[in-house]
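Those protein sequences? They're chains A and B, same order as listed. Reminder that position 114 of the first sequence reads as 270 in the numbering used here, one-by-one numbering, no gaps. Reminder that position 98 of the second sequence reads as 172 in the numbering used here, one-by-one numbering, no gaps.
Certain hints may be false.
[Stated by the list, open to error] Among the chain B residues that face chain A by a calculated CB cut under 8 angstroms, a handful are: (1) Gly92; (2) His95; (3) Ser538.
[Claimed, not checked] Below, simulated SDA-like cross-link-like pairs (lysine to any residue); rule was C-alpha separation at most 20 angstroms, straight line: (4) B:Lys208 to A:Asp210; (5) B:Lys386 to A:Asn167; (6) A:Lys218 to B:Tyr461; (7) A:Lys218 to B:Lys208; (8) B:Lys208 to A:Glu168; (9) A:Lys222 to B:Met165; (10) B:Lys648 to B:Gln411; (11) B:Lys600 to B:Ser407; (12) A:Lys222 to B:Lys648.
[As the list claims (entries may be wrong)] A short list of chain B residues far from chain A (calculated; beta carbon distances all over 12 angstroms): (13) Thr154; (14) His202; (15) Asp380.
Hints listed in this document are in silico derivations from the structure and should not be mistaken for laboratory results. Ideal Cβ placement from N, Cα and C applies to all residues, glycine included.
The primary structure of each chain is shown beneath.
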Amino acid sequence: MKRIISILLENEFGALSRVVGLFSQRGYNIDTLTVAPTDDETLSRLTLTTQGDDQMAEQIVKQLHKLIDTLKVVDLTQGPHIERELLLVKVKATDCDVRTELKSCVEIFRGHIIDVTPSTYTVQLAGDSDKLDAFIEAVTHMGIMEVVRSGVSGISRGDKFIRV
Amino acid sequence: MELLSGGDILIRALRDVGVKHVWGYPGGAALHIYDAIYRQEDVVHLLVRHEQAAVHAADGFSRATGEVGTALVTSGPGATNAITGIATAYMDSIPLVVISGQVPSSKIGQDAFQETDMVGVSRPIVKHSFLVTKPEDIAATIAKAYYIAGTGRPGPVVVDIPKDVTEPNYKVPYEFPSEVKMRSYQPSDKGHRGQIKRAVKALLEAKRPVIYAGGGVVIDNAADHLIAVARKLNYPVTNTLMGLGCYPGTDRQFVGMLGMHGTFEANTAMHHADVIFAVGARFDDRVTNELEKFCPLATIIHVDIDPTTVSKNIVADIPIVGTCTSVLKEVLSLIEQSGNTPDGDAIGQWWQQIDEWRAKHGLYTASRYEPSGGNLIKPQDVIKALYKVTKGEAIVTSDVGQHQMFAAQYYLFDKPRQWINSGGLGTMGFGLPAAMGAKLAFPDTDVACVTGEGSIQMCIQELSACSQHNLPVKIINLNNAALGMVRQWQDMQYNSRYSQSVYEESLPDFVALAEAYGHVGIKVTKFDELEEKMRECFAMKDRVVFMDICIDRSEHVYPMHMPGGSMRDLWLSKTERT
């Protein structure tokens with residue numbers, strides 16, 4: 157099962173490498189990883205996704221918590237949550253039919269075309285990972301030149317929040 | 075406020091954190107630090123002959139005393155040589171601070187001479203690490219490093235210091251922090267009261283209980299509390315390899331070590347137990363044998379300071395995260411408050427059963443190996459002679475292999491911190507430097523390094539450091555002219571094809587070698603001379619003595635778990651199995 161794990165850690169030298177290193181060291185995989193400083197610049201918020209059953213997820217959370225630099229570790233998938241990922245995709249769009257089809261596809265998925273040349277369209281799309289997968293599938297036959305995904309960011313729904 | 079250079083600040087901070095001894099080896103990137111050491115007398119530096127030994131010696135000192143050990147090395151090869159020592163300490167949760175010199179900040183990343191990314195290389199084997207970027211940060215970093223190393227589940231901490239940070243001509247105010255506070259690190263202490271209540275209930279209702287105590291009890295100085303709970307309940311106690319000494323080895327309730335080379339009675343009792351009270355132990359693969367077949371009938375109560383250890387290998391029915399001391403104290407007081415006592419009949423029957431197992435195959439109710447005689451010296455008898463001559467009161471360090479297991483089985487440790495060995499990483503070469511560390515801490519106690527001719531050659535250069543620092547340790551070399559444990563496995567699983575495990579005629583004359591270093595060498599080849607020569611050895615209080623004892627070359631360590639079996643599936647001798 158897919159897990160979205162959110163970590164608040166000290167924005168310090170080596171902190172990220174300790175998180176990433178832990179995964180290879182313990183034999184877990186990281187599917188996606190995003191990290192950036194928060195409104196408090198001494199802290200970084202890191203979201204990663206991985207696969208695992210309940211016991212494995214519990215171990216991962218405990219192991220992450222054991223790292224000296226981590227302040228909070230939450231498995232977001234254990235409660236209601238929102239996940240968002242950003243997709244940038246460059247599609248070959250030389251002929252008129254493709255351009256029209258792509259534009260309507262972007263509209264259906266509520267994306268934006270953010271760069272246009274005579275031969276390409278570049279599309280920006282945000283959503284959960286399944287939605288991005290679906291969009292890629294929908295435009296594959298048009299000729300994808302490049303795909304960039306940000307990896308998942310996540311936050312709990314409702315009153316719950318992660319803060320020091 | 076006093077102005078000091080980075081090098082002086084480092085040494086001053088070590089003094090202020092309570093460090094008296096540093097084991098180390100100088101080199102280019104650490105020279106400012108070494109100059110600062112030269113200019114003061116509070117912190118004594120002990121020069122070793124290889125950085126691995128510096129870390130092992132600091133480790134041995136820590137294991138013997140419970141204090142945080144300190145090692146100092148230079149950048150590059152100095153740092154990488156320290157790695158095996160750091161990994162050894164990490165696996166056994168030993169508090170150490172390892173300070174490494176680093177190339178100047180401006181050269182980091184340029185593949186400078188003797189540059190290694192020490193923080194990166196050591197990352198998977200440290201509790202935490204720091205790269206100090208300015209002299210103003212040194213004192214606070216040192217305070218944090220010792221706090222992290224010594225609290226919670228202890229472990230090694232690396233402090234990497236670029237050369238420019240210790241520059242003698244750049245001086246800044248020195249201030250040692252009065253306390254350490256870290257928002258991201260607050261180790262837990264007391265266990266959950268509700269869980270402890272559940273544990274007490276399960277313990278009091280048990281009919282076939284076993285107390286399974288490990289190295290955590292030693293580390294947390296909780297032996298007295300363990301003994302109090304065990305005596306109160308009259309339950310059998312087994313120790314892990316790392317836990318030996320935390321329950322008296324000569325006590326009637328002690329059923330011996332458990333695990334791969336544990337006693338028949340300890341392993342069999344674990345297998346049949348209905349309640350297992352695991353304290354400061356981690357269900358290591360050398361204990362459990364096949365996980366699926368582990369103690370099928372038992373309710374598992376697991377006490378450990380580290381949440382990741384609980385339910386990592388074996389799912390605990392009653393998990394308790396807390397220090398061994400606080401939980402054992404609470405367990406004892408709840409037992410007393412409850413007014414209940416264990417089921418006397420059931421426990422009586424359980425003891426009867428355990429005594430039957432002891433009588434049948436126990437290591438301490440009869441001799442389970444062929445007798446020594448003439449030129450045949452059994453390794454077990456060497457350990458028994460050592461025990462007798464030192465009255466069971468020596469600090470015993472060991473290397474890794476058959477000799478380690480014989481020492482664990484036959485030297486009955488009555489006190490914690492008396493038995494010092496590399497249990498987790500299994501580091502050959504650990505024994506001699508660890509003995510040096512222990513001897514430094516306890517100069518009036520006999521310190522014996524039980525080793526083999528394979529292991530001792532991995533750090534034998536430290537015989538020279540023993541002379542320099544007057545550390546009269548005793549080396550008990552069980553010489554079977556082969557890597558005994560490797561050969562045992564080759565006998566059992568590879569049809570006696572001794573691939574690269576025998577030395578043939580290549581071994582040095584250990585007596586001459588010891589003498590070359592200015593020590594005393596004693597060779598023993600006859601059984602009837604063993605005890606007398608052992609007495610001679612320990613009578614020389616102020617000399618390093620190297621006893622080279624030629625033992626039976628074919629002996630195996632038994633009992634031994636059968637691969638893929640449960641805990642009770644054991645080889646009892648070369649021909650006999652359960």
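> Which earlier hints turn out false for this structure, listed by number in ascending order?
Replying inline: 1, 2, 3, 4, 5, 6, 7, 10, 11, 12, 14 and 15
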